[in-house]
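J.: Chains as they are written, first to last, in our numbering: chain A, 1 to 112; chain Z, 113 to 226.
Among the hints, a few may not be true.
Straight-line Cα separation of at most 30 Å, DSBU-like style, residue types lysine-lysine; simulated pairs [unchecked claim]: (1) Lys-104(A) <-> Lys-22(A); (2) Lys-169(Z) <-> Lys-37(A); (3) Lys-190(Z) <-> Lys-58(A).
Derived by calculation from the structure, the hints in this document are not laboratory data.
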Amino acid sequence: GENVEQHPSTLSVQEGDSAVIKCTYSDSASNYFPWYKQELGKGPQLIIDIRSNVGEKKDQRIAVTLNKTAKHFSLHITETQPEDSAVYFCAATMNRDDKIIFGKGTRLHILP
Amino acid sequence: GAGVSQSPRYKVAKRGQDVALRCDPISGHVSLFWYQQALGQGPEFLTYFQNEAQLDKSGLPSDRFFAERPEGSVSTLKIQRTQQEDSAVYLCASRPLAGGREQFFGPGTRLTVL
């Protein structure tokens, strides 16, 4: 089955700097890659997603890139702010009615 | 509008007890998913419903875990004879019939088995 690897597990960046989280997936049939943000005591919340027919997508300070050949995808957050501190999960799924396979998460700390 | 709600938010059970966790999806959402999130880990798929039909239960870890959605709305995840390794946050997610592929997650139920 699909396996999603995510790194780093913890990331600390100075406020205003950029943060990058990288993921790999194993099954070339995966075609949808959501990114979720989870704050303490809350459920995961979708922040951005990308489909396999797109190489890059941007939404304000957040961007995702996808390299289908290498089975790599990344999350980029620019101009980081204190409210960006949270756990971020990359994920992959194959079909619309299919389960999401999550990475293990990255705990992002924004330092003042 | 109201999001996915789950109850109870916290549950403490003694080993061997049965527990029932409830999920109220967003009104009108056809698809419902259950995930288990161990401490410090990503959520892991348990089971999936489309309306009242349970289409995938491949993630249920043992026959002590049972889920139902009898009227295609509220769902209950039941765990019989709880064990310490069942301690985790149980997340429910729902998705509408039409539209994108986003799953909308509830806040989860934190289960602690003593």
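J.: Taking only the CA atoms, is the gap from Lys-104(A) to Lys-22(A) under or equal to 30 Å?
T.: Within the cut-off at roughly 12 Å; holds.
J.: With the threshold set at 30 Å, check whether the alpha-carbon distance from Lys-169(Z) to Lys-37(A) stays at or below it.
T.: Answer holds: Lys-169(Z) to Lys-37(A) is near 26 Å, not above 30 Å.
J.: Within 30 Å, alpha carbon to alpha carbon, are Lys-190(Z) and Lys-58(A)?
T.: Roughly 41 Å between the alpha carbons, so the hint for Lys-190(Z) and Lys-58(A) is violated.
Hint violations for this structure: number 3 only, all remaining hints satisfied.
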